[in-house]
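*Asks:* So the chains spell out like this:
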Amino acid sequence: MATQHDVEQKIQQFRELFADAPEIGKKALENALHELRSQTSELPPPVESAGRVGARLGKVSELTIIVPLAPGGAKRLRAFLRLLRGNLSQGANKVGTLHTMRFVFFDNDTRLLFATAYDGDWDTYIDDFVAKIPDYLDIIDSSWDGWPGIRSPGAKDYLVKHQITAEGWYVAYPDLTVAEIQRLQRIGKAVDEFLDKIG
Amino acid sequence: MAQERETVADKIAAVREVYADAPEVGRVGLEKMMAELQAAAVDHAQQRAASAGRTGLRQGKVSELTSIVTFAPGGAKRLRVLLKLLGGNFQGADKVGTLHDMRFVFLDNDTRLLFATTYDGDWDTYIDDFSTKIPDALDVLFSNMVGYPPKGMRDPAIKDWIAGNQITADAWYVASPNLTVPEVRRLEKVGAVVDEFLDKIG
Amino acid sequence: MANSVAGDPSTHAPTIDLQEIQATVLRLRPAPYFGSHVALRINDVRAGRELLRRLIPHVDSAANWWKPASAWLSIVISYPGLEALGVPQTSLASFPEAFRVGMAARSRELRDEGVNDPKNWEPLFGNGQIHIGLNAFSDSEEKWRHVIATARAQYEALSGVSVLLVQDFGAQPGDLNSLGYKDGIDQPPIEGSGVDPLPGQGRPIKAGEFILGYPGEAGAPLPMPQPDILGRNGTYVGFRKYQSRVGAFNRFLQANGSTEAERELLAAKLVGRWRSGAPLTLAPDADNPDLGADPRRNNNFDYANDPHGRQIPFGAHIRRMNPRDTQLTRLTDVNIHRVIRRGTTFGKPYDPNALSEQDDQVPRGAIFLFISAKAMATMEFLQQEWISEGNFIGIGEERDPIIGRQEEGAIFTIPKQPVRRRIHGIETFNVLRGGEYFFMPSISALNWLANLSG
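Residue numbers (my numbering), protein chains in the order written: chain E, 1 to 199; chain F, 1 to 202; chain R, 1 to 454.
If you're looking for bench data, these hints aren't it; they were derived computationally from the structure.
With a straight-line cut-off of 25 Å between C-alpha atoms, the simulated DSS-like cross-links for lysine-lysine are:
(1) F:Lys32 x E:Lys156
(2) E:Lys26 x F:Lys133
(3) E:Lys27 x F:Lys95
(4) E:Lys10 x F:Lys84
(5) F:Lys61 x E:Lys189
(6) E:Lys26 x F:Lys77
(7) E:Lys189 x R:Lys416
(8) F:Lys84 x E:Lys26
(9) E:Lys132 x F:Lys32
(10) E:Lys27 x F:Lys159
(11) E:Lys27 x F:Lys84
(12) E:Lys161 x F:Lys84
(13) E:Lys197 x F:Lys189
(14) E:Lys94 x F:Lys32
(15) F:Lys189 x E:Lys189
(16) F:Lys61 x E:Lys94
(17) R:Lys416 x F:Lys200
(18) F:Lys151 x E:Lys26
(19) E:Lys94 x F:Lys11
(20) E:Lys10 x F:Lys77
(21) F:Lys133 x E:Lys27
Next up, chain E with everything else stripped away, as it sits in the complex (with noise of 0.2 Å):
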């Protein structure tokens, strides 16, 4: 628990970071002390490492991840997701620890951003990925320059070179894996069906 002398330091060194800020900022900063000072005088979540790369809040860890295309790229991922209507859950689903996945194309397609919010740590299952869904993880990653291969001893490199881990990172509920807010979602409805029936 910070003590109020903390939380003054913490909120002078707000001021003094925003000395130079667009007066928009420094506005909105004065408006919002109240709020950091409560902020502030509360033990933080801490964000962790969530392994070699990514941030982690509570279970929940983000992976952020920028490729340069390979030529040709950007038009055949286009094409594979468009023949999957955009919606990867076939794939996803198995993997079972992801909360969500991006695919975002930028810089004129010379360029894809691939974000996902899931569970645990980083590397922890990738070999359970390579032996289970190979093909799939391949047909997506041959897009990307330079990847060798979901195989090769060189993929997990691949994918540290290019994952940065993110500065700030919040979860809503950074406790509840996919497979416990699943089993919430029985037990909620099992619930709502016992209460149908004696109501």
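Position chains F and R against the provided structure of chain E, taking the given hints into account.
*Replies:* For chains F and R alone, kept in the frame of chain E given last:
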């Protein structure tokens, strides 16, 4: 129905064509998966990713917002230290109540910021929510970006600025697309109550 | 007798080099079993190499491992031990990081926190002084004493080598472990090892997962230390010594079972097997000692008919250590997370009447020896995913009831109809007292090490 299948066949042909000059791992992988992909493409249960409104994709009730913005002079440094000071504590986000996750990623030698979130509902409502509930917190964060409107979240140009920096995803996956943040919290409570109850009668 | 324990000799000749691989990698723990672990420190590089030279003639290979043998000796070497032998720097650098830094430095990855934290370990462990480990196994007391005396004659003669510990093990009535169970039943079947899998073991797993230099499940051999002669046919061995809190265990059974039958059923639900080794799947209502004693029957089951964990709970020890065909919550290939286990029991036998906290301190417990070509990575995965939590199998925060470190108020769930039974306040029954990662070189590698110069 027949028309739908024809479209899938077209799409399959298109994918095969563009993958003809793919690296071998990709080409080989595609052929191995073809039967499964065909089934997935035809599967009516697979919902197409919908639009989240003005921009962005949505699956069920859950949408994505992904934007890449250039930092104003000194902005990267300010934002970095600010995020460190906050230490992952975004009470403002809790307050809004529709935000599943949010990340700030510094790109290209601190010249640009990736800001990506997962949120409930439609784009317009989401932005309105933020503007009315936590405008100052957002101004503190985003005043560090180039072209941020002078009046910030209260500026009439704010929605254009946000949309202008946003890039709609080409694929969007959500594990539980019909669960909003309040619904998850409700289920958490229900789960705890059920466990307590079962412990008592078990 | 040994034939039926190991499995029937295969119709196919072994495809791995049994003459090079040390015996302990493949030879099963005998029944009954006697043995010792000896920990040595090398104080002088030449003495260390001389020690190896003297011991090598007594180290057994895995040739004909499925046939009965009187006793066998194996050698393992830690990273500090390799350094003490003067192994060249380029070779040292080719070993995996976890092995190089040692088990104590991997406490975060192993989730060895709280009471299991290395700072609480016995003084012998965690500071890099264990260089060489000798393991002697035998099926008779006489042969054990003979083989250990032979080994002792070699190391005692050298002044540049110190004995840090001699830990005898086995010799337990009925070969039960310190909590009163028959253990060590399930082992991974290894392709090309020369025997067919026993019923229930599943399909043979690629040899390279367990022995360096052969293709693993993904097709290629796993990373191997260099030079080739040092790494090939070697493997890694993890060593974890646990103190069994027998009083706490018995108190737990007493508190949560009012009759002998209830207590034994609870004991079975914690492990997934009755004390005799009979699995609950095949003996749902009562123990069946004949079944427990028969290696052709006691492992011949799967979880196809137990999707809700009502026979063997999801959190039971054996279901965690080998989920088999259980539907896990996350995409997992169970075959790449197996280890060969050569666990041994030490100290006083299990005492069903031990109930006091003093009883928790009586030296007795398990020495868990686990072997694989990637033993460090596998143990760290098991500790993180299958032991210290239950997310992988849908039970949230729950931990392994036998080797998990339990927090205050920990829970163990026993699925049953109409309502599951959830027991609150399960304690840590096995406390970690020390451990280390070792390398088990091939016979040729041992010779290479013994003949290093410089």
